[in-house]
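Listed below, chain by chain, are the residues.
2 protein chains.
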Amino acid sequence: HEVTEIDLAAATVTVRDLDARRETVEPYDTLLLATGAVPIRPRLPGAEADGIFGIQTLDDGTRLLSYMDEAKPRRAVVVGAGYIGVEMAEAMLERCGEVTVVERAPQPMTTLDPDMGAVVAKAVRQMGIELRTEEKVEAFEVQDGRVSGVVTESGHIPADLIVLGIGVRANAQLAAEAGVQVLSCGAIGVDRRMRTSAENVWAAGDCAAKYHRVSREFVAVPLGTHANKEGRIAGINIGGGYETFPGIVGTAVSKVCDLEVARTGLTEKECRATGFDYVTATVDSTTRAGYFPGASKIRIKLIVERRSGRLLGAQIVGREHAGKRIDALATALWNEMSVDEMHLMDLSYAPPFAPVWDPVLIAARKAWENVQRAT
Amino acid sequence: HEVTEIDLAAATVTVRDLDARRETVEPYDTLLLATGAVPIRPRLPGAEADGIFGIQTLDDGTRLLSYMDEAKPRRAVVVGAGYIGVEMAEAMLERCGEVTVVERAPQPMTTLDPDMGAVVAKAVRQMGIELRTEEKVEAFEVQDGRVSGVVTESGHIPADLIVLGIGVRANAQLAAEAGVQVLSCGAIGVDRRMRTSAENVWAAGDCAAKYHRVSREFVAVPLGTHANKEGRIAGINIGGGYETFPGIVGTAVSKVCDLEVARTGLTEKECRATGFDYVTATVDSTTRAGYFPGASKIRIKLIVERRSGRLLGAQIVGREHAGKRIDALATALWNEMSVDEMHLMDLSYAPPFAPVWDPVLIAARKAWENVQRAT
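In order, the protein sequences belong to chains B and F. Start counting the first sequence at 1; every next residue gets the next number (our numbering). Start counting the second sequence at 1; every next residue gets the next number (our numbering).
Everything labelled a hint here was simulated from the structure, so no lab data went into it. Hints may be right or wrong, so weigh each one.
Interface residues of chain B toward chain F, partial, derived using beta-carbon atoms under 8 Å [unchecked claim]:
id, residue
1, 142
2, 145
3, 148
4, 254
5, 255
6, 257
What follows is a list of derived Cβ distance ranges for each label pair [as the list claims (entries may be wrong)]:
id, chain 1, residue 1, chain 2, residue 2, range
7, B, 94, F, 290, 18 to 28 Å
8, B, 239, F, 115, 30 to 40 Å
9, B, 239, F, 211, 41 to 51 Å
10, F, 290, B, 127, 44 to 54 Å
11, B, 186, F, 211, 42 to 52 Å
12, F, 61, B, 158, 51 to 61 Å
13, F, 258, B, 191, 44 to 54 Å
14, B, 41, F, 258, 40 to 50 Å
For every residue, glycine included, the Cβ atom is placed at its ideal position computed from N, Cα and C.
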């Protein structure tokens with residue numbers, strides 16, 4: 001069954017029975033839009049060939065696995081080097097011989113600043129993945145209905161499997177057509193309780209816009225943790241209770257082989273767009289005391305308001321035990337802390353867990369020095 | 001060289017040359033007391049025998065290792081089941097056959113609440129360490145000048161090595177004798193800039209009292225991370241700069257084999273002593289998504305002010321990736337957050353790092369439910 005139309009004035013939805021090819025009109029008291037996101041598929045020649053997979057649902061994953069069992073691909077190309085693209089490249093590396101990632105931007109993971117993205121690029125290449133940046137896919141080559149390669153601006157890459165990791169967009173079409181307010185970020189506008197602009201119509205999850213507490217803008221961020229919270233909040237409110245969504249601060253974490261990548265708040269580019277005047281600080285440290293077995297590298301970058309020293313954003317690239325350190329930074333950011341106060345916070349120390357100054361504190365200290373120098 | 005006396009009126013110190021057995025009186029403009037802490041040694045029969053080791057300095061560790069190489073002890077007894085005691089028991093387990101830990105209290109790690117201490121006790125026993133709680137050491141047995149066993153209230157434990165892990169106390173004797181204010185916690189009173197009550201006399205490190213931001217009391221907490229910060233702050237101020245120590249919130253972390261134990265804020269007992277009316281919440285979760293390889297157990301307990309829902313304390317016992325989660329809780333506590341606000345915070349999620357609701361959020365949610373139920 002699929003909803004094909006919403007009539008706000010009549011408070012009805014048109015439901016199509018996909019098997020019986022029949023439509024019925026159903027009334028609603030309360031309507032929750034949980035239409036999620038849809039993967040972006042490039043409108044390129046050959047894009048409909050066999051062997052080209054988008055990855056969003058569990059079914060997508062199952063289809064991809066069956067294809068791999070059957071076709072035994074040896075050369076995979078992943079289009080897009082965001083979180084999903086790079087994570088898929090890791091998975092392909094285990095199952096195919098050669099993996100190439102093609103990314104239009106100058107760096108993988110454009111949710112990081114270029115300098116931190118460059119660290120990821122280097123690490124991804126060291127894993128044996130061929131990463132081609134600033135390269136645009138123009139077409140897919142097809143033989144006997146099955147993909148056989150990728151044509152880019154600068155050449156040709158043979159491939160018997162293509163995975164698309166070029167992101168998703170909020171699925172707000174039905175809402176937009178019905179006249180429910182859709183914001184410029186492409187997602188459905190919601191208030192704190194997850195109410196849309198239309199009476200008795202609620203939205204939650206990837207289709208709903210999220211309030212970003214640092215930029216003060218509504219953004220589309222398709223992450224399971226936000227979707228899960230919003231679903232719970234909408235449910236409590238629809239059920240007659242009271243709960244509000246406080247918004248997000250842009251936290252995300254990802255793992256590629258043993259590389260951990262995390263961020264929170266705003267990047268430099270986002271700071272500029274928002275109008276923040278900022279300074280940055282980047283430090284290299286270790287996840288445990290330097291002498292302790294298993295100590296691994298961690299690089300932390302902080303972005304801080306120039307005048308106040310207030311934390312605006314943080315990015316981490318490192319090995320095991322690096323990524324989750326973003327949570328202390330996200331909590332500090334949530335509370336609008338300044339790096340002056342942060343650098344002497346009481347974070348946990350013991351040699352298996354941190355150097356005597358945790359990398360988070362070292363980064364805050366350096367950022368505070370940079371603030372003082374800049375003012 | 002050793003300072004044997006401070007004369008505040010004359011602004012001099014008496015310095016004894018330990019080799020030459022000579023004393024000189026030296027004037028000072030500025031005096032920094034960094035006398036650290038001294039291990040508590042029990043005044044018990046046999047306590048001076050060979051084979052009994054306190055562990056505080058690097059030299060202590062070296063002496064212990066040499067003794068073990070030479071005497072090849074097979075039965076070790078650790079007195080005291082605090083962080084150091086339990087960590088030493090782990091080290092002994094690798095090198096001796098049998099390890100017994102004797103603790104006077106009903107549980108190991110009395111810096112945790114009894115219910116969380118019980119989890120540690122069970123895990124320690126599963127490691128093959130014999131843990132005897134509510135048992136008081138009364139004497140050490142000695143044969144030919146070397147320790148041969150421990151006599152407790154309830155019996156006799158043969159041992160050829162004893163490690164004392166019964167804690168340290170602030171070394172404030174010199175300060176007290178000179179008339180520098182020493183607080184009821186046993187450590188030297190200092191202000192935000194690490195100045196003592198005496199003019200031009202500063203103190204930093206284990207000998208100096210720390211302001212606890214939750215209890216609003218001065219406490220003696222001998223941890224390297226505090227000492228390191230205080231040394232830096234005293235140095236900046238003595239050098240003519242300006243820096244203040246914001247205090248601590250009682251954060252600590254420890255690792256015993258693969259068990260991770262962490263705490264921040266106040267325990268239930270400390271809450272009662274401070275006068276806080278509170279509720280608690282304890283949750284069991286996993287460090288990664290349940291289906292993700294390497295997901296391990298984590299138990300989190302929160303202590304929350306009954307009326308406001310303000311976080312007062314947190315304790316974690318778990319396996320790998322559990323302990324460092326205390327930092328997000330310490331940061332929330334530092335900012336006097338309520339669990340109502342905390343439970344929807346934007347902490348990082350991806351399957352290798354957390355379930356879709358991080359255990360910290362689940363714990364905050366449960367605590368908030370308990371607050372609502374209790375009011």
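Hints, one by one, checked against the model:
1. Checking residue 142/B against chain F by beta carbon gives a least distance of about 34 Å; that is not within 8 Å, so the hint is violated.
2. Against a cut-off of 8 Å between C-beta atoms, the interface hint on residue 145/B is violated, since the closest Cβ of chain F lies about 34 Å away.
3. The criterion of a C-beta within 8 Å of any C-beta in chain F is not met by residue 148/B, whose closest approach is roughly 33 Å, and the hint is violated.
4. Look at residue 254/B: its Cβ gets to within about 6 Å of chain F, closer than 8 Å, so that hint holds up.
5. The interface hint given for residue 255/B is met, as the beta carbon of that residue sits about 4 Å from the closest beta carbon of chain F, less than 8 Å.
6. The criterion of a C-beta within 8 Å of any C-beta in chain F is not met by residue 257/B, whose closest approach is roughly 11 Å, and the hint is violated.
7. The given range of 18 to 28 Å is respected by residue 94/B and residue 290/F, whose C-beta atoms sit roughly 22 Å from each other.
8. About 33 Å separates the C-beta atoms of residue 239/B and residue 115/F, a value consistent with the hinted range of 30 to 40 Å.
9. Roughly 45 Å separates the CB atoms of residue 239/B and residue 211/F, a value that falls within the hinted 41 to 51 Å.
10. Between residue 290/F and residue 127/B the beta carbons are some 27 Å apart, a value that contradicts the proposed interval 44 to 54 Å.
11. Taking the beta carbon of each, residue 186/B and residue 211/F are about 49 Å apart, inside 42 to 52 Å as hinted.
12. At roughly 60 Å, the beta carbons of residue 61/F and residue 158/B sit within the given window of 51 to 61 Å.
13. Distance hint check: the CB atoms of residue 258/F and residue 191/B are about 46 Å apart, consistent with the given range 44 to 54 Å.
14. Under the hint 40 to 50 Å, the C-beta atoms of residue 41/B and residue 258/F, about 45 Å apart, fit the expected range.
Against the hints set out earlier in the document, violations occur for numbers 1, 2, 3, 6, 10.
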